[in-house]
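Enquirer: Residues in the sequence shown are numbered from 1 upward in steps of one, following my numbering.
These aren't lab readings, by the way, just hints derived from the structure by calculation.
Treat the hints with care, since some could be wrong.
What the hints assert, rightly or not - Below, simulated EDC-like cross-link-like pairs (lysine to aspartate or glutamate); rule was C-alpha separation at most 20 Å, straight line:
id	residue 1	residue 2
1	K104	E67
2	K691	D413
3	K455	D439
4	K112	E72
5	K104	D65
6	K665	E653
7	K505	E521
8	K104	E72
9	K149	E134
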Amino acid sequence: MQNSLFQFVRQSLGWLLLVVFSILLLSSTGAQLHSRLLLMGDWLYGDYYMLRADLPAPSCQREFDIEKRLDELESAASADAGLDALFDDDASFDREASRRSLEKAQQLCQDKYDLYEESSSQITTSVKMFRSIEQAVEFFSLIVFDYQKFLIVLVLFLGAICATLSQHHISFRPIKTRFEHYCVQSLETLALLGLYIPSLTFFAQSKNAITSPLSVIFAWTVVGAASVLTFISLVRLLKPSDTLQSDNRSWFAKSISMLLCIPIYIYMLLIAGFYFLVIEKHVTGISIYAGQLFEQAEMFLQIGLYIWLGMLLKRSRLGQQLFNVIRPWGFSPEIVAFIAVVMMAVPTAYTGASGIIIIAMGAIVYTELCHSGARRSLALAATAMTGSAGVVLRPCLIIVVIAALNKDVVTQDLYSSGLRVFGLSMALLLLILLMTSKDKFTLKPWSQVKSPFVKALQDLILPVMIFIIMTIAYDFILDAQLDEISAPIILPVIMLLILYFERRKGRSAPECEGSEIITAEPLPKLIHAATMEAALHIGALLMLMTFSFALGGVIERTEVVALLPSVFDSVWVCMAMLVVILVLIGMVMDPFGAVVLVSGSLASLAYTNGIAPLHFWMVTLVAFELGYLTPPVALNHLLTRQVIGEKEAVLAEQEAMQASGWWYKHERILLPMTVMAITLLLTAFVPLFVKTL
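Take the sequences, apply the hints, and build the full model.
Expert: Pasting the structure below:
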């Protein structure tokens, strides 16, 4: 009964989130459409800006007797002549000057009437219909823009509610026993209560300063959402699942196991809560720092759209079709893994963060690598790496953020250097894969490749044509190019069209292990299922990002960086210290929050000690990616485990333990760490060595 109720709530929230996504797509498209409608109106009607609204009728008098008005003015002037003579030697009335003034006023009035009559004559039924559409599109786009903060609150907390109901938050492993359930849910309830109280206090302290009704509603929305999350966690605590097992191990063993089940965002929230509430006694500290998410609402709404895109993509045949192009060549699993990592660099560059692309496309990459014959540990390693390479490529959003916060670097230089770093990391990946490959490099003859390869290319014609046509249509009709700004709007529309035409042709995604795909679903049901799954991942990832801001606030206010010397004796020592610190930051913070923190602290330290700004930020980006792949947190690996499912993750661990050789037993951790660690060392120290020559 309880699970049925939770499932009903999840389905309802899925429909609501689908409405939010639809509003985002329509409003963003509407904003682009509105600018084109203005140009179209000007082309159709000429000077459309004058026709967008009815001009008010002039109130002046255009027909009057100038001579009579002059006589009246002269009489009035004569009555005041005695007083004026006290201050002016010449108090006579200048009839000719007054005549010219009245004639100009009469002409101006006539011009107003002419403009009004001309405008009124041009406002036909066609104009009224066109401007009604144009103004409706403008109104819808503007109101959604004004309510962006509400939308990110909805997306965040709808996802958080779904993730909390399903216990889908990012952790090292899921809850399996009743002991783990009671301990974890108690800590989660306590942590969320620590969020609810600061939210309520923050609103109470700032309500006198809030003048906008919109701000008041927003504050109450945040408080209400925090209270709902706390209530759900309390209900989960009191009503454990019937599938939980008993645990007869020692208390110490159970406690160690339980610590791995605590969601990472709870650790962040407890640390931030303890610091702000107990040490600083700054009750609203968590709300202030976590609230930075709402100040960057547009960017985090894009993250939600990208994850939704990934769940839609997961239900199409596109992932399988791309790998079908590679499969006929008979490449070894290592080469297929390398190609997969390179291919995923492009979508990673558009999303701007590695975690997003793993959630969006990780299940597809992992499944297809397994189908290509890759061992599970290699598939896990490659999936975790898919999001690490593209963060230094154009048009990655995180590089735009770096350039915006730091005037010492520009995006063009960052992208150029990033391309070289990308080439270095991919060369290292290929080298290590070839060195550790269990199979020799093979390539089937063209006679065997031709037929399946051509068929695979033919299968790609439909999605490629849809992509090309829609990209051209957006560019030509709406003047919207496929860049980091418009990609989260255009790509979901393209994906929906691909799914629609796949269903029309009776084709659907095949079932695959670790997937929730249902092959016979009609399109509306499929979209809803994708949205429900997206809600889980959105809630898990955005909660983690939100409280990484709070954790960043703790790091900032404790002034840990101030403990470092401002000037080092050697630039090599300074770089080594920065590399270690940057990797540690990458292990505990999301990339956007980490960039903000580093910009305000470590960047100036690096510049002072002779490290070039461009060099420093390339090192920073690579260090962050190494941090996301490094235990004990290894966020990219946790996200990979999240998307492939616990059952498949356990099978991968069992398979790895049966492998021969230390490398293959720990390949999923060692491969990405080795590649990124060598890349980081070369990126950090080779430019310093070259500089000394």
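Enquirer: Decide if the proposed pair is consistent with the structure: K665 and E653, CA atoms, cutoff 20 Å inclusive.
Expert: holds (9 Å)
Enquirer: Is the hinted pair K455 and D439 satisfied, with a Cα-Cα distance of at most 20 Å?
Expert: violated (27 Å)
Enquirer: Checking one constraint from the list: CA of K104 to CA of E72, max 20 Å. Satisfied?
Expert: holds (18 Å)
Enquirer: Given the hint that K691 pairs with D413, does the C-alpha gap stay at or below 20 Å?
Expert: Judged against 20 Å, a Cα distance of about 18 Å means the pair holds.
Enquirer: Does E134 sit within 20 Å of K149, going by the straight-line distance between their CA atoms?
Expert: Violated, at about 25 Å.
Enquirer: Run the distance test for K104 versus E67: straight-line Cα separation, threshold 20 Å.
Expert: Roughly 14 Å separates the two Cα atoms, so the pair holds.
Enquirer: Tell me if the straight-line CA distance from K104 to D65 falls inside 20 Å.
Expert: Satisfied, since the Cα-Cα distance of roughly 14 Å is no more than 20 Å.
Enquirer: Please verify whether K505 and E521 have alpha carbons no more than 20 Å apart.
Expert: Holds: K505 and E521 sit about 14 Å apart, inside 20 Å.
Enquirer: Straight-line Cα separation of K112 and E72 no greater than 20 Å?
Expert: violated (25 Å)
Comparing the model with each earlier hint shows violations of hints 3, 4 and 9; every other hint is respected.
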